[in-house]
Amino acid sequence: MHMKTTTTNRLGLPNLGLGVGLRSKHYSYLMRNDPVVDWFEIISENYMNNFGYARHILEYVAGIRPIVMHGVSMSIGSTDPLNTAYLQQLKELADFVQPVWISDHLCWTGVAHINTHDLLPMPLTMESLQHVAARVQKVQEFLGRPLVLENPSTYMEFEASTLYEWEFLSELVRRTGCGLLLDVNNVFVSSYNHNFDPELYIRSIPHHAVVQIHLAGPTSCGPYLIDTHDQPVPTPVWHLYRLAQELTGGVSTLLEWDANIPDYPELIAELNIAKAVMRDEFPDVPVFRAEQEVVPTPLDHQMQVEHE
Amino acid sequence: MSELATLQRWLTSIIIRPGKFHDKILAADHTYELDHTRVVRSSPAVSGTERMQIYARGYVLRLMECLRADYPILQHLLGDALFDMFAQAYLAHVPPQSYSLFDLGTNFPDFLLASRPQHTAEQQQFDLPIELARLERARAEVYRSKGTESNTHGTPYEQPVFFMFESEKLATPPCLRLLKLQYPLISFVKAVEQGEQPPIPPPRDSLVAVSRKNYTIHMQELEPWQWHFLHELETTGNYVQAVQESAPLSAMPQDTLWANLMLWVPVAVDLGYISKQS
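Chains as they are written, first to last, in my numbering: chain A, -17 to 290; chain B, 44 to 321.
Worth flagging that the hints you see were computed from the coordinates, not collected in a lab.
Any given hint could be a false lead.
Claimed, not checked - With a straight-line Cα cutoff of 25 Å, these simulated BS3-like cross-link-like pairs (lysine-lysine) come out:
| id | chain 1 | residue 1 | chain 2 | residue 2 |
| --- | --- | --- | --- | --- |
| 1 | A | K7 | B | K233 |
| 2 | A | K73 | B | K189 |
| 3 | B | K256 | B | K233 |
| 4 | B | K256 | B | K223 |
| 5 | A | K7 | B | K256 |
| 6 | B | K189 | B | K223 |
| 7 | B | K212 | B | K256 |
| 8 | B | K212 | B | K189 |
| 9 | B | K256 | B | K189 |
| 10 | A | K7 | B | K189 |
| 11 | B | K319 | B | K212 |
| 12 | B | K223 | B | K233 |
Kindly generate the complete structure, drawing on both the sequences and the hints.
What follows is the structure in structure tokens.
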């Protein structure tokens, strides 16, 4: 079958190659060893207003590899006013790190000034689209650069929704010029949970706007999948990755692993499977099945500190 | 209120409110005049209610994990069940507002204090966990605060005169926390971190400094005159005034305190209790 590919654009942003998330578990390893990877992604909120060892490591890593800032609390879809204090601190961190781009999620984290620290799903309506587009434009003006938004894993849909997520994102890109962070694992999770074709999703988004791809391993809880970031990437997600790389013409790839984080060499071995996949060599990895209750979007890795 | 705002308030209230899940849904339906069966799509495999429950359950589990990571020694002291009970009550009482997970546990020591029983005899059982929570919170704050690592003044031993003749430039750094505790907890905390099962220490006043030097956190018990001097220096920002005000608090003649400080200030600088302002 002939595959339609796009002229690579990525908002003019570079293909950084293969990267991993910068996590405190690997700080001491990275201070003593070659990081091997092409680039790192940080969780922005971990380093905002943080002037301890984490900031020191970030400064070191930013000196040897490109950094991308990935946020979880911009709450771009919330009906609360934009949090200007948050944006100011985000900008201050960006001034320090000089990231290649800044990303967050198509979601909201709470209202009435409450932050649930979850990536809550948007009702995919025209009202939401207008609301989010206006806020994306404000954020882009404030940051002086395009915002890159990721599709989240979702576990529920609103009856009010009138758009598919790929339609919502496509129109958002058209209206705002924002970029997309295509999380192929999230597409896989949501497609399972909401019974849509994940390949159709990936074929339908504007490929020229895809700046980055996320890979991760989910967990099966029987009738639904949870985005746990704690497992190897399963075979179906690798197939979606292969498709996305073909359609986009090649974009930066980031492996996310946020709970039960493996040692650094093991993490890199998992990341390097991406190279084999691009040669059409797919690993045989089933989706992990949970034996006990699992936590979506684990965050406690952000709390790890080291004492004397 | 727009449809989007209504849906977001409706779902937030279901996620963060304590209580039985079904009751929370009914309360939210009533408050926002919605019918959950018409708001969230169901599938043959997973009902709309089960789908909402993924978010509600995840909210509690995720933030509980963060509090456990923030207060590991307190969790060891209380045991998992009791710690989780307090942590869950705390989250219900004080839903998170900050974008930063670091702020999640800020008020946990105060919450434990406010949760103490009214009877004096029972209150004492709560003193140790509260004091431990204060110490763990202080360590977390010191870990992230602005430190002295980028100072390029050299060690006090390399510049032996600056603290004698430029005392007006001496100040406590942002990464210092001074605590008055009712229990000597430092050895207890270190033993738990080594994987030991130390006995609970008997109560005794303990004046503690938590500091950071070269990105390593230090906890040390101080002499009363040392602690009061640092506390007054932190409060007043003035070395001479700190000496004058801390001497009576330490029950020490001023000239003795001056003499003690001549010897101790270089040590305090080296330990990161005092830094030189540029």
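Evaluation of the provided hints:
1. For the hint linking K7 of chain A to K233 of chain B, the alpha-carbon distance of about 21 Å falls within 25 Å, and the restraint holds.
2. Of the pairs offered as hints, the one joining K73 of chain A and K189 of chain B holds, with about 18 Å between alpha carbons and a cut-off of 25 Å not exceeded.
3. Our distance criterion of 25 Å between C-alpha atoms is met by K256 of chain B and K233 of chain B, whose separation comes to about 18 Å.
4. Between K256 of chain B and K223 of chain B the alpha-carbon distance is near 21 Å, which keeps this suggested pair within the 25 Å criterion.
5. Restraint check for K7 of chain A and K256 of chain B: satisfied, since their Cα atoms lie roughly 21 Å apart, inside the 25 Å limit.
6. Only pairs whose Cα atoms come within 25 Å are accepted, and K189 of chain B paired with K223 of chain B is accepted, the gap being roughly 22 Å.
7. Restraint check: the Cα-Cα separation between K212 of chain B and K256 of chain B comes to about 19 Å, which is no more than 25 Å; the hinted pair holds.
8. Distance restraint check for K212 of chain B and K189 of chain B: the Cα-Cα separation of roughly 18 Å lies within the 25 Å cut-off, and the hinted pair is therefore satisfied.
9. A distance of roughly 11 Å separates the Cα atoms of K256 of chain B and K189 of chain B; the hinted pair therefore holds under the 25 Å criterion.
10. Annotation: proposed proximity of K7 of chain A to K189 of chain B holds, straight-line Cα distance about 22 Å (limit 25 Å).
11. Under the criterion of a C-alpha separation no larger than 25 Å, the hint pairing K319 of chain B with K212 of chain B is consistent with the structure, at around 6 Å.
12. Distance check on the hinted pair: K223 of chain B and K233 of chain B sit about 18 Å apart at the alpha-carbon level, within 25 Å; holds.
Violated hints are absent here; each numbered hint is respected by the structure.
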